[in-house]
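Make a model of the complete structure from these sequences and hints.
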Amino acid sequence: MREQRALLTLTLDTDEPVELGDFIGAFTSLANEFDRFVETEYPGAHSDPKMYVKEVRHGSIEADIFTGVKAIAPIVIAHIDQIMLLEDFVRRWGERFKAILTGGYAKGQLESSSELKDWADTAKAIASDPAASHTLKAAYFEDGKKEIRASFIFNASQARTALQNIEDRKKALAKPDHHAHERVLMIFTRSDINDADVGKSSGERVKIEELSDKSLSIMYGSEVAEARIKHEIRDADENVYKKGFVVDVLVKVRSGKPVAYSITNVHDVLDLPD
Numbered sequence: 001m002r003e004q005r006a007l008l009t010l011t012l013d014t015d016e017p018v019e020l021g022d023f024i025g026a027f028t029s030l031a032n033e034f035d036r037f038v039e040t041e042y043p044g045a046h047s048d049p050k051m052y053v054k055e056v057r058h059g060s061i062e063a064d065i066f067t068g069v070k071a072i073a074p075i076v077i078a079h080i081d082q083i084m085l086l087e088d089f090v091r092r093w094g095e096r097f098k099a100i101l102t103g104g105y106a107k108g109q110l111e112s113s114s115e116l117k118d119w120a121d122t123a124k125a126i127a128s129d130p131a132a133s134h135t136l137k138a139a140y141f142e143d144g145k146k147e148i149r150a151s152f153i154f155n156a157s158q159a160r161t162a163l164q165n166i167e168d169r170k171k172a173l174a175k176p177d178h179h180a181h182e183r184v185l186m187i188f189t190r191s192d193i194n195d196a197d198v199g200k201s202s203g204e205r206v207k208i209e210e211l212s213d214k215s216l217s218i219m220y221g222s223e224v225a226e227a228r229i230k231h232e233i234r235d236a237d238e239n240v241y242k243k244g245f246v247v248d249v250l251v252k253v254r255s256g257k258p259v260a261y262s263i264t265n266v267h268d269v270l271d272l273p274d
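Taking this note's numbering, the leading residue of the sequence shown gets 1, the next gets one more, and so forth.
Do not take every clue at face value.
Claimed, not checked - Now the in silico label distances, taken between C-beta atoms and shown as ranges:
| id | residue 1 | residue 2 | range |
| --- | --- | --- | --- |
| 1 | Gly21 | Lys146 | 22 to 32 Å |
| 2 | Phe141 | Thr28 | 38 to 48 Å |
| 3 | Val56 | Gly94 | 18 to 28 Å |
| 4 | Gly21 | Lys170 | 13 to 23 Å |
| 5 | His181 | Tyr105 | 20 to 30 Å |
| 6 | Ser128 | Asp213 | 41 to 51 Å |
| 7 | Leu101 | Asn239 | 51 to 61 Å |
| 8 | Gln109 | Val56 | 33 to 43 Å |
| 9 | Ile24 | Pro130 | 19 to 29 Å |
| 10 | Pro273 | Val253 | 29 to 39 Å |
| 11 | Asp192 | Thr102 | 20 to 30 Å |
| 12 | Val56 | Gly256 | 44 to 54 Å |
| 13 | Val53 | Gly108 | 28 to 38 Å |
Said to hold, decoys possible - In silico lysine-lysine, BS3-like type, Cα no more than 25 Å apart, as pairs:
| id | residue 1 | residue 2 |
| --- | --- | --- |
| 14 | Lys54 | Lys171 |
| 15 | Lys257 | Lys117 |
| 16 | Lys207 | Lys257 |
| 17 | Lys54 | Lys170 |
| 18 | Lys207 | Lys145 |
Calculated from the structure, these hints are not laboratory results. Think of the CB as a built atom: it goes at the ideal place given N, C-alpha and C, for glycine as much as any other residue.
Below is the structure:
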């Protein structure tokens, strides 16, 4: 083990044995989060964390983590104070865990499946043990003495809350977002004379060039909007595919891309030029 004056210490205090896979998951998730932190805060640098189990005793596992921060360009590494970096990481890591507990996510935070998995692995190691705790510390060694510069601890109850909130976060991210647009021109690419329940897919498809170059499925957000459009499909003299509908829509978005439209209002119906 090479000499390093600044390091992270991970401690799992438990009443029950920790499964090896859960312990490895706790370390791996921490290493992945540290990688993200370094890449964000120090462009041009990367880490290569190594874990050494320092002590295993009844009810406790303690491991030292040597972060191995390196830089592509020497000038970058010259500006990295190892202990300050580790202190900052532990504090931010703790803040992110608190955000999971409260559900108070910043925009763009904890949205990728890899991040969600890592934080679930962090909590999983102690979640099933009623009296367990997970402690992360930034430690500094000088003159043979160990000084703790920053630390964060959470218990089993908080771990279980975090796991539930992570599952809720996954479900929320899987649901389409909704973005409202007013007075956009909609053209049918597939129509149906039959009625559809409000809020249910009608089986029809339309194109709204202002919003997407693809033909997407629709649903009706109001009975009035549906009645106006169905009248044009069933009763009007002109072919519905030769008409343009000026409508208000809610765009359902998944992974940043439109996947469906909900029509809430029809302002006008236009005859399209040949």
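Okay, the hints, checked on the actual structure:
no.	hint	result
1	Gly21 x Lys146: 22 to 32 Å	holds, 30 Å
2	Phe141 x Thr28: 38 to 48 Å	violated, 25 Å
3	Val56 x Gly94: 18 to 28 Å	holds, 25 Å
4	Gly21 x Lys170: 13 to 23 Å	holds, 21 Å
5	His181 x Tyr105: 20 to 30 Å	holds, 26 Å
6	Ser128 x Asp213: 41 to 51 Å	holds, 50 Å
7	Leu101 x Asn239: 51 to 61 Å	holds, 58 Å
8	Gln109 x Val56: 33 to 43 Å	holds, 35 Å
9	Ile24 x Pro130: 19 to 29 Å	holds, 22 Å
10	Pro273 x Val253: 29 to 39 Å	holds, 31 Å
11	Asp192 x Thr102: 20 to 30 Å	violated, 46 Å
12	Val56 x Gly256: 44 to 54 Å	holds, 46 Å
13	Val53 x Gly108: 28 to 38 Å	holds, 35 Å
14	Lys54 x Lys171	violated, 39 Å
15	Lys257 x Lys117	holds, 23 Å
16	Lys207 x Lys257	holds, 14 Å
17	Lys54 x Lys170	violated, 35 Å
18	Lys207 x Lys145	violated, 69 Å
The earlier numbered hints that this structure contradicts are 2, 11, 14, 17, 18.
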